[in-house]
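K.L.:
Those protein sequence lines, which keep their order, are chains F and D. Residue numbers are given in the working numbering: position 23 of the first sequence equals residue 1060, and the series is strictly consecutive. Residue numbers are given in the working numbering: position 28 of the second sequence equals residue 1065, and the series is strictly consecutive.
None of these hints come from the bench; they were simulated from the model. Just so you know, nobody snuck in bad clues.
With a cut-off of at most 20 Å between alpha-carbon atoms, the simulated DMTMM-like pairs for lysine to aspartate or glutamate come out as follows:
(1) Lys1039(F) x Glu1376(D)
(2) Lys1039(D) x Glu1376(F)
(3) Lys1189(D) x Glu1064(F)
(4) Lys1379(F) x Glu1064(D)
(5) Lys1447(F) x Glu1385(F)
(6) Lys1040(D) x Glu1108(D)
(7) Lys1379(D) x Glu1064(F)
(8) Lys1040(F) x Glu1376(D)
(9) Lys1211(F) x Asp1310(D)
(10) Lys1189(D) x Glu1061(F)
(11) Lys1040(F) x Glu1108(F)
(12) Lys1063(F) x Glu1376(D)
(13) Lys1189(F) x Glu1061(D)
(14) Lys1040(D) x Glu1376(F)
(15) Lys1040(D) x Glu1073(D)
(16) Lys1447(F) x Asp1417(F)
(17) Lys1426(F) x Glu1465(F)
(18) Lys1360(D) x Asp1134(D)
(19) Lys1189(D) x Glu1073(F)
(20) Lys1360(D) x Asp1109(D)
(21) Lys1189(F) x Glu1064(D)
(22) Lys1063(D) x Glu1376(F)
(23) Lys1189(F) x Glu1073(D)
Number of protein chains: 2
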Amino acid sequence: MKKISVGLIGLGTVGSGVAKLLYEQKELIRRRVGCEIIVSRIADRGALKKKKTAVGVANENIDTDIVGMIEDKNIDIVAELIGGLEDARKYLLKCFDLGKPVVTANKAVLAVHGEEIFEAAFKSNCSIGYEASVAGSVPIIRNIRESFASDKIYEITGILNGTCNYILTEMTEKNAEFLTTLENAQKLGYAEADPSFDIDGIDAAHKIAILANIAFGSPVNVDAFAVEGIRDIHSYDVQYATELGYRIKLLAIARQTGEGLDIRVHPALLPQDNPIAQVNGVLNAVSISASHAGPQVFVGRGAGAEPTASAVVSDIIELARSKVLGVKSRVPASSFLTEYRKSENVLEKDLNSTKFYLRFSVLDSPGALSEITGLLSDQDISIETVLQKGKAVSEGYVPLVIMTHQVIEKNISKAIEDILELEVVHPEFSMIRVESNHSSSVEG
Amino acid sequence: MKKISVGLIGLGTVGSGVAKLLYEQKELIRRRVGCEIIVSRIADRGALKKKKTAVGVANENIDTDIVGMIEDKNIDIVAELIGGLEDARKYLLKCFDLGKPVVTANKAVLAVHGEEIFEAAFKSNCSIGYEASVAGSVPIIRNIRESFASDKIYEITGILNGTCNYILTEMTEKNAEFLTTLENAQKLGYAEADPSFDIDGIDAAHKIAILANIAFGSPVNVDAFAVEGIRDIHSYDVQYATELGYRIKLLAIARQTGEGLDIRVHPALLPQDNPIAQVNGVLNAVSISASHAGPQVFVGRGAGAEPTASAVVSDIIELARSKVLGVKSRVPASSFLTEYRKSENVLEKDLNSTKFYLRFSVLDSPGALSEITGLLSDQDISIETVLQKGKAVSEGYVPLVIMTHQVIEKNISKAIEDILELEVVHPEFSMIRVESNHSSSVEG
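Please model the entire structure based on the sequences and the hints provided.
P.N.:
What follows is the structure, encoded as structure tokens:
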């Protein structure tokens, strides 16, 4: 029986998980794939100092020589599992130089250096698998590249960061504040000691950049679109959203419009009956709107050693099947042939148009509501719902919650500026986008 | 640029949809796949008599000569889109005889003749794509065969029949009876003139047999497991289920247990917060529980010309990629290499264990409840909830609804037999399984 040798770069949580999965499931993999897939070498900078070991891999096959492992002629497939930017980029390009197929779980390197990496893979006719880079075990990359290959994709909306989804779910269910919830999440291991990468939306931005890139066939620069995290979500807003029939989620959105790509990451109110509004805890979800397949929703675990290892190994298996067949590259790295990619314009944030949830703290005086709604009307903003709470929250201020109809962002900014100038309005306010009618909501 | 010629067998709704999709999206397909995929011939028995035409296909390329088309050396890939059993089987085997890759949307032929067809495909080293045979545009076949290829699959639970899901959703939302809802569904085109194939669960049984086959690597005979449809679901039951926090869905379940495969199709109460309980209308949903990927949910359109065409064309594209690379078969037809398949025992229905929803009509007399619960207790059945309605529905009978804890089916059958012998109990009753804790429910 044919044997395929895999080399792993990195023996952290994911690397250990991949070695363990390939060892434990070798019998099942043999039954499905018809070959043995073996982790022959692991290279990890701290391997020797920290005396790292891996299930099913002899200690003498674990060392620190990453380049030596990549260059090893016995290694058929390399899996880059170290994360980070510069080193990962260098190792991936080195593999392509040698004509070696690679798998990576590294969203950052693909989001930042994706064009260069995809181009190098394409030129060297090498396969690159990166299913694990977005939404963990949810097979969203394979489905965009293959299952919807004949479909024009209109929109992708995702809950792509498990840490934020866990925090927002806890805030909703326990009526808790952001900071205490974050601290609990850190204690439970659902948030990093330095959580900014997750809670400021950067991780989700990397992931939606990758999905937009392969769905629309256009390079997407992560700096080209607006990214907002969940630090400013107040428990009041979570409560009022629930009262109005919504859930607050950190959404990553990529939409093809007539004017260009509308890409953004921000917290948003989603109607409670939207299928991804009900995806709670650390789970991830992706909804896709495609021309012929119609709306699609995928839900699963977005992180963790086992789900990530499952996604990495599904790519290793695909590359092993190709290796056995003598095929170098089956599906183009970026889902489109390089010569057929088209650079599309990413819309200016100010020109995006959505509904808005606004919360102001207003002194309970006659005429206040009329003044505020007048200023909204001056910017052509019409109102869907007003929720005025009778009880003052602090110092005589009562919360005033307004849901608008669809409006261009620059108009809402101007209206808020004017409203905050009113004497009866406290400077603390909330403005959260509402995604109610987006085309990827699944309706039967 | 390489040109791949496709021949279609059948020019009904799906065949027309496939021709239209390949024609309309040829530019996008070229950008993604790097070759032209053209429908060169269509063979349909009624083509000439009914003067059928297809978008993008010249009339002289549409005829009735199915075998001639299959034998045509210019045809690279054949798509069988006629449905039915015997002819479809014959054409598929003919393709394999000639070493030609095929795509089919035909669940019946795969459920009934799957072993023979998969074996023939494997022996002739031919690819067969059948994504469209289960759950329409939901890419469940590809994901079982590839994304979870390293995972032991524990369970698949699906809403696989859009007609039943539409009827049950309407009954829930409009508090309507089965028959009137079915008639409306027929008027709207969501149910066939002869609806028995759908509403008696046969269609869902075919589909779960295919999924179980490829998930567990075992032949599954559609006659080996219990199949119940939705004809006997009463609007009362839909109402009481809602009151108790459940939704009634027609579920197709395939579960790996220590004793064998637990496979069944029947209506079931699902807790309202179960992710697939909220999948309404004609939509399909599949949840999977896999050893490493964890729980997964997929939702999308299960029928219709465009979603089905999208799934068929995704397979055609996969086979076209292989053709260009000179690859015959990349993934084994049945997901496992033939020599590594193991025939697993399908559990006797009587030995399955679930919770039950029971509804009796009981004369409102003292001691009736005590007698009934006593008979349940005699069979070791413990009770989770009792819902007794004060108001008599007809002739002095009041509804008594009981939710049991987990119990073996043969015990519940015996208890019901005994209960129906009580003088105070009307012969009309309901017994519906409750799927509350199955392992594929996605929890964050």
